[in-house]
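K.L.:
Spelled out, the chains give:
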Amino acid sequence: MSKSQIVTGGIADDAISEEHLDSTLITGQTAITSLADTDKFLVSDASDSGNLKYVEKQYIGGGTWVRLNGTSATGLSDITYDNFSSTYQVYKIIGSHTMSTDNAQTRMRVRKSGSDQTSNHYRWAFGETARLIGSASTGENSSWNNDHVRITKGSSYAVAHPTGFEFTIYSPSDSTRQSACFLNSFFYESGGTNAWKAWTGSIWLDSTTGLDITGIKFYPESGTFINAKYSIYGLKDS
Amino acid sequence: MVKRFVDGIVRDLTTDEQAEYEARNKAFEDNKAQRQLEKIRDLRLRLLEETDWWVLKGEMTDEQKAWRKSLRDLPQDYEEIQYDELLALDEQGNLTHSIWTQPTE
Chain D
0 MSKSQIVTGG
10 IADDAISEEH
20 LDSTLITGQT
30 AITSLADTDK
40 FLVSDASDSG
50 NLKYVEKQYI
60 GGGTWVRLNG
70 TSATGLSDIT
80 YDNFSSTYQV
90 YKIIGSHTMS
100 TDNAQTRMRV
110 RKSGSDQTSN
120 HYRWAFGETA
130 RLIGSASTGE
140 NSSWNNDHVR
150 ITKGSSYAVA
160 HPTGFEFTIY
170 SPSDSTRQSA
180 CFLNSFFYES
190 GGTNAWKAWT
200 GSIWLDSTTG
210 LDITGIKFYP
220 ESGTFINAKY
230 SIYGLKDS
Chain H
0 MVKRFVDGIV
10 RDLTTDEQAE
20 YEARNKAFED
30 NKAQRQLEKI
40 RDLRLRLLEE
50 TDWWVLKGEM
60 TDEQKAWRKS
70 LRDLPQDYEE
80 IQYDELLALD
90 EQGNLTHSIW
100 TQPTE
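Just so you know, the protein sequences line up as chains D and H, in that order.
Residue 92 in numbering that gives the first Met the number 0 is what sits at position 93 of the first sequence, and the numbering runs on without skipping anything.
Residue 85 in numbering that gives the first Met the number 0 is what sits at position 86 of the second sequence, and the numbering runs on without skipping anything.
FYI, nobody ran anything at the bench for these hints, they're computed from the structure.
Some clues are possibly wrong.
Said to hold, decoys possible - In the EDC-like style, the derived pairs of lysine to aspartate or glutamate whose C-alpha atoms are separated by at most 16 Å in a straight line are:
id : chain 1 : residue 1 : chain 2 : residue 2
1  : H       : K25       : D       : D236
2  : D       : K228      : H       : E49
3  : D       : K91       : D       : D101
4  : D       : K91       : D       : D236
5  : H       : K68       : H       : E49
6  : D       : K91       : D       : E165
7  : D       : K111      : H       : D6
8  : H       : K31       : D       : D101
9  : D       : K91       : H       : D6
Unchecked claim - Have a look at the derived ranges for each label pair, beta carbon to beta carbon:
id : chain 1 : residue 1 : chain 2 : residue 2 : range
10 : D       : S206      : H       : V9        : 54 to 60 Å
11 : H       : T100      : D       : Q88       : 35 to 41 Å
12 : H       : Q17       : D       : L41       : 26 to 32 Å
13 : H       : R10       : D       : T86       : 51 to 57 Å
14 : H       : H96       : D       : T32       : 52 to 58 Å
15 : D       : K228      : H       : R10       : 57 to 63 Å
16 : H       : Q17       : D       : W143      : 31 to 37 Å
17 : H       : Q101      : D       : S141      : 26 to 32 Å
18 : D       : S84       : H       : V9        : 18 to 24 Å
19 : H       : I8        : D       : F181      : 26 to 32 Å
20 : H       : Q17       : D       : E165      : 27 to 33 Å
Said to hold, decoys possible - Chain H side only, calculated, beta carbon under 10 Å to chain D, not exhaustive:
id : residue
21 : R3
22 : A26
23 : F27
24 : E37
25 : D41
26 : W52
27 : V54
28 : K56
29 : M59
30 : E62
31 : R67
32 : L85
33 : A87
34 : N93
We put the CB at the ideal spot given by N, CA and C, even for glycine.
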């Protein structure tokens, strides 16, 4: 019912219904672009006669990937995230870039307290599928007790050639069980081999290198990352 | 100017980080021959695998036998200074050295 004036004695409880509300009640507010766990949403509680209540963002939905950080930049000597904590059990990094140096590898090291871990405790086993102009082949790329992990092998520095990967690291903050990772990467290997390649495989971070990890670093074997687009996500359990 | 990306911030390298960056680039240059040899071995392996069926068929020509042997002997038959020549490409990106060309079947 339309009201042209406030009735004597003020507005009674539950008297303002939806027809009295302007849409600017929402659209007129300041917008935010990220949510804190304690940000609140208005809800009608079905278990309590539809009474209005609020719910905090941390209780909405189930487990989900939360974007924690990212970049879109060029001329970078490395891309580093020092943001691992026990809040997330699994982290995923999705990245793409071009190399500034032809035929240079993309590499990874984990970090602790802001320092690269350079001991020879990186082990990996990747399957390789390659396609050349006239043929295809399969193979492997692996290493035992290296001081880094290869993400790609010698990719092209042509600005039009894509290099990218998805990288998932499990329980980096665990103090007892060593961490391990999954990798999917794609790149055009230059320098004579000239093959479009895909690597799929796993990485084992042995010894103390695989415990209490607080960060991760991706870097080129030589030169810089050009036109890098990276995002890091944390897996929220609930 | 080379930059770093750390936790959402793009910044200049510190003196130590600049030194580490330059050492990385130098190591890459110093490792050129090893890197080329790895590629030569990959190419050799692929060609040998592609023609293994010749051996299984048991009817290889002398030319085919000699070519497969030259591939197997490739690392010891060529010096580091010849690696550029072995990996040279034409404008279409094809390897130009004759050792990569299969004899006709």
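K.L.:
Hint by hint, note whether the structure agrees.
P.N.:
Verification of the hints:
no. : hint                           : in the structure
1   : H:K25 with D:D236              : violated, 44 Å
2   : D:K228 with H:E49              : violated, 38 Å
3   : D:K91 with D:D101              : violated, 27 Å
4   : D:K91 with D:D236              : holds, 14 Å
5   : H:K68 with H:E49               : holds, 14 Å
6   : D:K91 with D:E165              : holds, 7 Å
7   : D:K111 with H:D6               : holds, 14 Å
8   : H:K31 with D:D101              : holds, 12 Å
9   : D:K91 with H:D6                : holds, 15 Å
10  : D:S206 with H:V9: 54 to 60 Å   : violated, 33 Å
11  : H:T100 with D:Q88: 35 to 41 Å  : violated, 53 Å
12  : H:Q17 with D:L41: 26 to 32 Å   : violated, 53 Å
13  : H:R10 with D:T86: 51 to 57 Å   : violated, 25 Å
14  : H:H96 with D:T32: 52 to 58 Å   : holds, 56 Å
15  : D:K228 with H:R10: 57 to 63 Å  : violated, 19 Å
16  : H:Q17 with D:W143: 31 to 37 Å  : holds, 32 Å
17  : H:Q101 with D:S141: 26 to 32 Å : holds, 29 Å
18  : D:S84 with H:V9: 18 to 24 Å    : holds, 23 Å
19  : H:I8 with D:F181: 26 to 32 Å   : holds, 28 Å
20  : H:Q17 with D:E165: 27 to 33 Å  : holds, 31 Å
21  : R3                             : holds, 5 Å
22  : A26                            : holds, 8 Å
23  : F27                            : holds, 3 Å
24  : E37                            : holds, 9 Å
25  : D41                            : holds, 6 Å
26  : W52                            : violated, 13 Å
27  : V54                            : violated, 18 Å
28  : K56                            : violated, 18 Å
29  : M59                            : violated, 20 Å
30  : E62                            : violated, 20 Å
31  : R67                            : violated, 17 Å
32  : L85                            : holds, 8 Å
33  : A87                            : holds, 8 Å
34  : N93                            : holds, 8 Å
Taken one by one, the earlier hints fail for this structure at numbers 1, 2, 3, 10, 11, 12, 13, 15, 26, 27, 28, 29, 30 and 31, listed in ascending order.
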